[in-house]
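Number of protein chains: 2
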Amino acid sequence: MHFYKRTHNCGELRISDVGRKVTLNGWVATVRDMGKLIFIDLRDRYGITQLVVLSENNPELTQKAREVKSEFVITATGLVRVRENKNPKLPTGDIEIVMEDLEIINKAELPPFEIVNELEANEEIRLKYRFLDLRRPILQKNLLIRNECYQIIHDYFHTNQFIEIETPIMMKSTPEGARDFLVPSRINKGKFYALPQSPQLYKQILMISGFDRYVQIAKCFRDEDLRSDRQPEFTQIDLEMSFVDDNDIMSISEGLFVALWDKILGIKIDTPFQRMSYYEAMTKYGSDKPDIRFSLELSDISKYVANSGFNVFDNTIANSGIVACINAKGCAGFSRKDIDSLTDYAKKYGAKGLAWMKFINGEINSSIAKFLTESIIEKIKIEVKLEEGDLLLIVADEWTKCYSILGALRLEIAHRTGILEKLRNKYSFHWVVDFPLLEYDTEAGRYVAMHHPFTSPKDEDIPLLDINPLKVRAKAYDIIINGAEIGGGSIRIHDQEIQSKMFKLLGLSQEEAMSKFGFLLNALKYGAPPHGGIALGLDRIVMTLTGTDNIRDVIAFPKTTSGLSLMDGAPSKVDQTQLNDLGIRLLNES
Amino acid sequence: MHFYKRTHNCGELRISDVGRKVTLNGWVATVRDMGKLIFIDLRDRYGITQLVVLSENNPELTQKAREVKSEFVITATGLVRVRENKNPKLPTGDIEIVMEDLEIINKAELPPFEIVNELEANEEIRLKYRFLDLRRPILQKNLLIRNECYQIIHDYFHTNQFIEIETPIMMKSTPEGARDFLVPSRINKGKFYALPQSPQLYKQILMISGFDRYVQIAKCFRDEDLRSDRQPEFTQIDLEMSFVDDNDIMSISEGLFVALWDKILGIKIDTPFQRMSYYEAMTKYGSDKPDIRFSLELSDISKYVANSGFNVFDNTIANSGIVACINAKGCAGFSRKDIDSLTDYAKKYGAKGLAWMKFINGEINSSIAKFLTESIIEKIKIEVKLEEGDLLLIVADEWTKCYSILGALRLEIAHRTGILEKLRNKYSFHWVVDFPLLEYDTEAGRYVAMHHPFTSPKDEDIPLLDINPLKVRAKAYDIIINGAEIGGGSIRIHDQEIQSKMFKLLGLSQEEAMSKFGFLLNALKYGAPPHGGIALGLDRIVMTLTGTDNIRDVIAFPKTTSGLSLMDGAPSKVDQTQLNDLGIRLLNES
Numbered sequence: 001m002h003f004y005k006r007t008h009n010c011g012e013l014r015i016s017d018v019g020r021k022v023t024l025n026g027w028v029a030t031v032r033d034m035g036k037l038i039f040i041d042l043r044d045r046y047g048i049t050q051l052v053v054l055s056e057n058n059p060e061l062t063q064k065a066r067e068v069k070s071e072f073v074i075t076a077t078g079l080v081r082v083r084e085n086k087n088p089k090l091p092t093g094d095i096e097i098v099m100e101d102l103e104i105i106n107k108a109e110l111p112p113f114e115i116v117n118e119l120e121a122n123e124e125i126r127l128k129y130r131f132l133d134l135r136r137p138i139l140q141k142n143l144l145i146r147n148e149c150y151q152i153i154h155d156y157f158h159t160n161q162f163i164e165i166e167t168p169i170m171m172k173s174t175p176e177g178a179r180d181f182l183v184p185s186r187i188n189k190g191k192f193y194a195l196p197q198s199p200q201l202y203k204q205i206l207m208i209s210g211f212d213r214y215v216q217i218a219k220c221f222r223d224e225d226l227r228s229d230r231q232p233e234f235t236q237i238d239l240e241m242s243f244v245d246d247n248d249i250m251s252i253s254e255g256l257f258v259a260l261w262d263k264i265l266g267i268k269i270d271t272p273f274q275r276m277s278y279y280e281a282m283t284k285y286g287s288d289k290p291d292i293r294f295s296l297e298l299s300d301i302s303k304y305v306a307n308s309g310f311n312v313f314d315n316t317i318a319n320s321g322i323v324a325c326i327n328a329k330g331c332a333g334f335s336r337k338d339i340d341s342l343t344d345y346a347k348k349y350g351a352k353g354l355a356w357m358k359f360i361n362g363e364i365n366s367s368i369a370k371f372l373t374e375s376i377i378e379k380i381k382i383e384v385k386l387e388e389g390d391l392l393l394i395v396a397d398e399w400t401k402c403y404s405i406l407g408a409l410r411l412e413i414a415h416r417t418g419i420l421e422k423l424r425n426k427y428s429f430h431w432v433v434d435f436p437l438l439e440y441d442t443e444a445g446r447y448v449a450m451h452h453p454f455t456s457p458k459d460e461d462i463p464l465l466d467i468n469p470l471k472v473r474a475k476a477y478d479i480i481i482n483g484a485e486i487g488g489g490s491i492r493i494h495d496q497e498i499q500s501k502m503f504k505l506l507g508l509s510q511e512e513a514m515s516k517f518g519f520l521l522n523a524l525k526y527g528a529p530p531h532g533g534i535a536l537g538l539d540r541i542v543m544t545l546t547g548t549d550n551i552r553d554v555i556a557f558p559k560t561t562s563g564l565s566l567m568d569g570a571p572s573k574v575d576q577t578q579l580n581d582l583g584i585r586l587l588n589e590s
Numbered sequence: 001m002h003f004y005k006r007t008h009n010c011g012e013l014r015i016s017d018v019g020r021k022v023t024l025n026g027w028v029a030t031v032r033d034m035g036k037l038i039f040i041d042l043r044d045r046y047g048i049t050q051l052v053v054l055s056e057n058n059p060e061l062t063q064k065a066r067e068v069k070s071e072f073v074i075t076a077t078g079l080v081r082v083r084e085n086k087n088p089k090l091p092t093g094d095i096e097i098v099m100e101d102l103e104i105i106n107k108a109e110l111p112p113f114e115i116v117n118e119l120e121a122n123e124e125i126r127l128k129y130r131f132l133d134l135r136r137p138i139l140q141k142n143l144l145i146r147n148e149c150y151q152i153i154h155d156y157f158h159t160n161q162f163i164e165i166e167t168p169i170m171m172k173s174t175p176e177g178a179r180d181f182l183v184p185s186r187i188n189k190g191k192f193y194a195l196p197q198s199p200q201l202y203k204q205i206l207m208i209s210g211f212d213r214y215v216q217i218a219k220c221f222r223d224e225d226l227r228s229d230r231q232p233e234f235t236q237i238d239l240e241m242s243f244v245d246d247n248d249i250m251s252i253s254e255g256l257f258v259a260l261w262d263k264i265l266g267i268k269i270d271t272p273f274q275r276m277s278y279y280e281a282m283t284k285y286g287s288d289k290p291d292i293r294f295s296l297e298l299s300d301i302s303k304y305v306a307n308s309g310f311n312v313f314d315n316t317i318a319n320s321g322i323v324a325c326i327n328a329k330g331c332a333g334f335s336r337k338d339i340d341s342l343t344d345y346a347k348k349y350g351a352k353g354l355a356w357m358k359f360i361n362g363e364i365n366s367s368i369a370k371f372l373t374e375s376i377i378e379k380i381k382i383e384v385k386l387e388e389g390d391l392l393l394i395v396a397d398e399w400t401k402c403y404s405i406l407g408a409l410r411l412e413i414a415h416r417t418g419i420l421e422k423l424r425n426k427y428s429f430h431w432v433v434d435f436p437l438l439e440y441d442t443e444a445g446r447y448v449a450m451h452h453p454f455t456s457p458k459d460e461d462i463p464l465l466d467i468n469p470l471k472v473r474a475k476a477y478d479i480i481i482n483g484a485e486i487g488g489g490s491i492r493i494h495d496q497e498i499q500s501k502m503f504k505l506l507g508l509s510q511e512e513a514m515s516k517f518g519f520l521l522n523a524l525k526y527g528a529p530p531h532g533g534i535a536l537g538l539d540r541i542v543m544t545l546t547g548t549d550n551i552r553d554v555i556a557f558p559k560t561t562s563g564l565s566l567m568d569g570a571p572s573k574v575d576q577t578q579l580n581d582l583g584i585r586l587l588n589e590s
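Chains as they are written, first to last, in the working numbering: chain X, 1 to 590; chain G, 1 to 590.
No wet-lab data here; the hints were simulated from the structure.
One or more hints might be untrue.
When chains are identical, the list treats them as one kind, so a pair holds in a single copy or across two.
Stated by the list, open to error - Cut-off 25 Å, straight-line C-alpha distance, at most; resulting in silico cross-link-like pairs (DSS-like, lysine-lysine):
hint, residue 1, residue 2
1, Lys107, Lys525
2, Lys379, Lys303
3, Lys128, Lys525
4, Lys573, Lys189
5, Lys458, Lys107
6, Lys573, Lys504
7, Lys107, Lys504
8, Lys525, Lys69
9, Lys525, Lys5
10, Lys107, Lys501
11, Lys289, Lys458
12, Lys458, Lys5
13, Lys141, Lys128
14, Lys189, Lys128
Everything numeric in this text was worked out from a predicted model, so none of it was measured.
Work the whole structure out from these sequences, hints included.
Laid out in structure tokens, this is it:
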């Protein structure tokens, strides 16, 4: 098992090393046998170096070189010389190694797919052979960027006097929102730990303990029915500060993004980031995480079409709904088929239908022409700045739904017209603030927290808690990059009376509140400082920095959307004795 | 909920700030009402600052100050002035703040114990009120040192081109050694994830993927019957390198300890650390993790006492056992009672009895005098360097047991004679190497891996795998600080045939091996580089650096030895619906 250790890695030799005798270790990327010359590209994490065997003088070495196949691990010793056909694409492209010795350290079977960036192989095969997939330069680059992120994050928060503290992975189950993953306790049979959905309660406890500034790159877990962009375990940059207001948290967060974008992409981003109220985000862009790199803004035209005689509009407005629209600039050329497909798209988001109006060849053309008088049309034209060539798509519905449908249409139009494609590598950062503290869940027949139950109401809205809870705004903020919610946080409640009132509003009895969150309520009694924080999605940040849409491309060992790890076969069946030890049995075996 | 934000923290004001108007936020540590003057010590993570209220001129402020109690959170505004009675123990001890305004941000109930370092409160109360316990300066200091460790670790490995990669927390269950904690899968009912006992297999996969140098501060989990110095979840510094030998891993590890001891304690440690074979460690010190800060070495005296006529010795030697002893220097004064209690102590480690021999007042005195001829005594005296005043404790048993008992006695004697106490703040670092690859488990009737099944045998011992497996030494190394095993690692097997042979030796059938570790065996086929690594116990390192014997003093939210989190009540019962969702039920409810 002895082998000759490398003197250099495969990415570092340069023209200044010519004449040196070197030894490299690495993987064979390619072998090209040209008869008199055999070229081997040797690869490691640091790069690729070309090896050359001059076959005429070295029968033994030549034979060894001809045994070598892709992905073999070898040791190569030889002299660095100037390369005849330089490869400007490789940092090592000016040189090659004339081999004097070659040793096969380990053989490799033929891989099920090539180790290259552009790959036909389906993702399932790639995940099963993740150890080979991870050799592809693009995945190596992604994980190297992820590593750079860690270092920038550690440095940034350390410099800003944050202290890194590990919170437990096995904690108390306090399901609220998503489902907890549970861990049965063997020593305390019949009881369970839960994996944290976030370290929320612990970081608040740390503030009450006086740690002042906490940060952790924290693993979090949610047992959800998975969507393609979610993982059952994910990573967040979790922080909390004492004696601060929302501006402090936003400003410290902005500094991190400045550092990340600067050091990884060499892009300077301006601060402070734009702030937009939830109301503005919804009414202008139809989303609480709008992509503001392009306009295509929305307009409420209820007052113009009220009493137009069009039943759908009239009824909606009579039922406190609204009629609003998006001006799809320059889309008047969309065919009936195009508009039908947009209508189908809108229906996926719950639209009952889609009205439209075009301004083309100086004329107005509309699906609801007969209900629109000249005067109405004129008012709408002014309101939405309708110009020749524009297409208006109109939705009538309850406030939130109407804007959400239009927001989805807005993105779809930006996609179809190539606007999004042109915006690749453009980054916009902004905050959405002034969220409602509560939403009303008609199904559950109770209020639910829009962020979480520990979020503080705005000081001036506290009196509304008793009389009009839905009007209460929260000290909450979400950070949005390019239309993706990258993180969110809030100033927390540090007053136990307000916290109790909040639990009550959420329909938690005193007993339930104590049994679930008693330790926080208890801690709040012993001198809690004003505090707040934020959690930023690390996986999503790395996706944005590496330009991938696939979360599995930035995680070393991801799971499928069904929660499977195809490489190792987790989750798997376990021995009956393991279950007996834990005091549990499977339901279907009872 | 508005409050005046601090201009400074409670640890930063100095004589150069005199005359400044400042605002501080913090916790009231003490209030001393002297009538004309009221002194308040205000505390935060950064320090303590003295506030003073001149009560004569400020009736309103005085009243507020008199409302304030311990652990209230307040805002204090005033002028910095020179303190009359300076306190040289505090960095802020030269100044005080003459208060102009005081605002109570949050009240506090009377804490169940005082927030001071020296505490009568039992640990159970402290853990229940962990949010208060963590306010104690000593725990704050411990966690700040732990934070410094993280930063030094991140920096050190980043500088050395390691990349930080997160491995999964929900992985495949491959119990080997300790029990796994299991996580039932809801989406894949009847199947389970396991929490990692270590990221061992994943880091080997990362080497096979070509990442070359991996590091992670990794959470690990073991479902053990807990001992006082163990936690069900613990943290290790986990690393792995490719194209290296054992010297490379030891050397990179040593560099980390140099950095930690230098930056945290200001102590320079010499490298390379001493290396000692397992055989030497056992025969000299009776331990595979010897404390070598003091000598008290052991000696094998089998050959001198063979055929002495003392049945116990004779039979032991006839059964391939040994007779060995420790020279307890200067302990000849131990009374019969002392020796009896040492005998009881030895019995806890499995000793059947303890023979002894004293050299006192020029004479030999022994529990087995009648079996020891002058000639035997003379030979023993020379072998163990017995001098006037020494006490010899003699054990006869099977090799490993005999030395383990003597090793335990060695530590106990060092404890009783005050040797250990004198060594506080002395640090010794060394490696134990050349461990046997395998042990024979008589109960299970099979070989078990002394480290783990992925550890490589020494090249020169590979032929012994087939003929005398117990003689095979491993490429394994443990790092010992002051007699505590701080970490261990090995060069791994990168050859799939040797890995298969190893599994076979361990009694794993081909099917079992494939079902448990198939993904590793599979990966080894596709070009695995030589690789190795180590895992260092972070909790234990921080314990050593902070000088505590209690692991719970270096973890923010520890669990008791029964795996309970007393603060939040984890583990706890969960709703039946949660269990139904997971497809499991409790055994005792069937």
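Taking the numbered hints from earlier one at a time, note which ones the structure violates and give those numbers from smallest to largest. Every hint satisfied by this model.
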